[in-house]
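Asker: Each chain is listed here by its residues.
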Amino acid sequence: GENVEQHPSTLSVQEGDSAVIKCTYSDSASNYFPWYKQELGKRPQLIIDIRSNVGEKKDQRIAVTLNKTAKHFSLHITETQPEDSAVYFCAINQAGTALIFGKGTTLSVSS
Amino acid sequence: DTAVSQTPKYLVTQMGNDKSIKCEQNLGHDTMYWYKQDSKKFLKIMFSYNNKELIINETVPNRFSPKSPDKAHLNLHINSLELGDSAVYFCASSQGARLGNSPLHFGNGTRLTVT
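Sequences listed follow chains G and A, in order.
All residue numbers for the first sequence refer to the working numbering, where the first residue is 311 and numbers rise by one.
All residue numbers for the second sequence refer to the working numbering, where the first residue is 247 and numbers rise by one.
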């Protein structure tokens, strides 16, 4: 199976609504969980990350929650704006390899 | 003062040709990577170097050969290009030697089109 599964693959919301993207992973040894945002034609950029000793982290309108027992973590964006439209990737670490990325979620925020 | 810079930005070439992509980082990071992003946006690790030494070589055809002359540079040479090599190639770097433990800083990507 896949190392990290990301859902949904596409998400459309109205401006001002919240958006939630979820990733599940299989390796219980994973301990670093970043989220990247990639705007069209640009490079992926880190927006928030969390380590396994923390359950939740917040940065203004963006938050990440981690459930180690269930092996899933989620990105929460509140009060969405059109400029939040992009592809979002979760990633995990595994022993002996570089960060492994989910397949991405295309978020569209309509005004 | 771009942190991770790669050249060229676009590369259009014919099947069978050989091409190179260059990458440089000025962040003082020890580890550099090449990722491939296909048409479905999937980001897949290809290679990783730590302080000029190859530490990851995923299942990538032998036609792809990375080279790191020093820890600030990681180049990618591709021989006998095939149609399936068309993708965006991202260089990235991270701090420290322990893989997967710190954020990746990506370059702006090189869009390779093989015709």
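Just so you know, these hints were derived from the structure itself, not from any lab.
In this text, a Cβ means the ideal position worked out from N, Cα and C, and glycines have one as well.
Just to be clear, a hint being listed does not mean it is correct.
[What the hints assert, rightly or not] Computed cross-link-like contacts, SDA-like style, restricted to lysine to any residue with a CA-CA straight-line distance of at most 25 Å: (1) Lys290/A x Val323/G; (2) Lys352/G x Asn321/A; (3) Lys413/G x Asn303/A; (4) Lys367/G x Lys313/A; (5) Lys381/G x Asn321/A; (6) Lys290/A x Glu349/G; (7) Lys290/A x Leu321/G; (8) Lys313/A x Ile410/G; (9) Lys287/A x Thr379/G; (10) Lys255/A x Arg344/A; (11) Lys290/A x Ile358/G; (12) Lys378/G x Lys255/A; (13) Lys286/A x Thr320/G; (14) Lys290/A x Ser336/G; (15) Lys352/G x Ser285/A; (16) Lys378/G x Pro392/G; (17) Lys352/G x Asn308/A; (18) Lys290/A x Ser338/G; (19) Lys255/A x Ile357/G; (20) Lys413/G x Asn263/A.
[What the hints assert, rightly or not] Far from chain G, some chain A residues (derived; all Cβ distances over 10 Å): (21) Asn347; (22) His351; (23) Asn354.
Asker: Now tell me, hint by hint, if it's right for this structure.
Answerer: So, going through the hints one by one against the coordinates:
Taken as a hint, the Lys290/A and Val323/G pair is broken in the structure, with Cα atoms around 28 Å apart against an allowance of 25 Å. For the suggested pair Lys352/G and Asn321/A, the alpha carbons sit about 20 Å apart, so the restraint of at most 25 Å is met. A hinted pair counts as satisfied when its Cα atoms are at most 25 Å apart, and Lys413/G with Asn303/A qualifies at roughly 21 Å. Pair hint Lys367/G plus Lys313/A does not hold up; C-alpha atoms about 38 Å apart against a cutoff of 25 Å.
The hinted pair formed by Lys381/G and Asn321/A fails the criterion: a straight-line CA distance of about 36 Å is larger than 25 Å. At most 25 Å may separate the alpha-carbon atoms for a hinted pair to count; Lys290/A and Glu349/G meet this at roughly 18 Å. Among the hinted pairs, Lys290/A with Leu321/G is consistent with the structure: their alpha-carbon atoms are about 23 Å apart, no more than 25 Å. A C-alpha spacing of about 22 Å is found between Lys313/A and Ile410/G, which places the hinted pair at or below 25 Å, so the restraint holds.
Proximity of Lys287/A to Thr379/G is assessed by CA-CA distance (about 29 Å); at most 25 Å being required, the pair is judged violated. The straight-line distance between the Cα atoms of Lys255/A and Arg344/A is roughly 29 Å, outside the 25 Å bound, and the hint therefore fails. At most 25 Å may separate the alpha-carbon atoms for a hinted pair to count; Lys290/A and Ile358/G meet this at roughly 20 Å. Between Lys378/G and Lys255/A the alpha-carbon distance is near 40 Å, which puts this suggested pair outside the 25 Å criterion.
A threshold of 25 Å between alpha carbons decides the hint, and for Lys286/A with Thr320/G the separation of about 13 Å falls inside it, so the pair holds. Using a Cα cut-off of 25 Å, the hinted pair Lys290/A and Ser336/G holds, with the two alpha carbons roughly 18 Å apart. Taken as a hint, the Lys352/G and Ser285/A pair is honoured in the structure, with Cα atoms around 14 Å apart against an allowance of 25 Å. For the given pair, Lys378/G sits about 32 Å from Pro392/G by alpha-carbon distance, which is inconsistent with the 25 Å threshold.
For the hint linking Lys352/G to Asn308/A, the alpha-carbon distance of about 28 Å lies beyond 25 Å, and the restraint is violated. Note on Lys290/A and Ser338/G: the hinted pairing holds, with a Cα-Cα distance of about 21 Å set against a maximum of 25 Å. Under the criterion of a C-alpha separation no larger than 25 Å, the hint pairing Lys255/A with Ile357/G is consistent with the structure, at around 24 Å. Between Lys413/G and Asn263/A the alpha-carbon distance is near 30 Å, which puts this suggested pair outside the 25 Å criterion.
Listed as a non-interface residue, Asn347/A fails to keep its Cβ farther than 10 Å from every Cβ of chain G; the least gap is roughly 6 Å. Not every CB of chain G lies more than 10 Å from the CB of His351/A, the least distance being 8 Å, so the non-interface label is violated. Look at Asn354/A: its CB is around 5 Å from the nearest CB on chain G, not clear of 10 Å, so calling it non-interface is violated.
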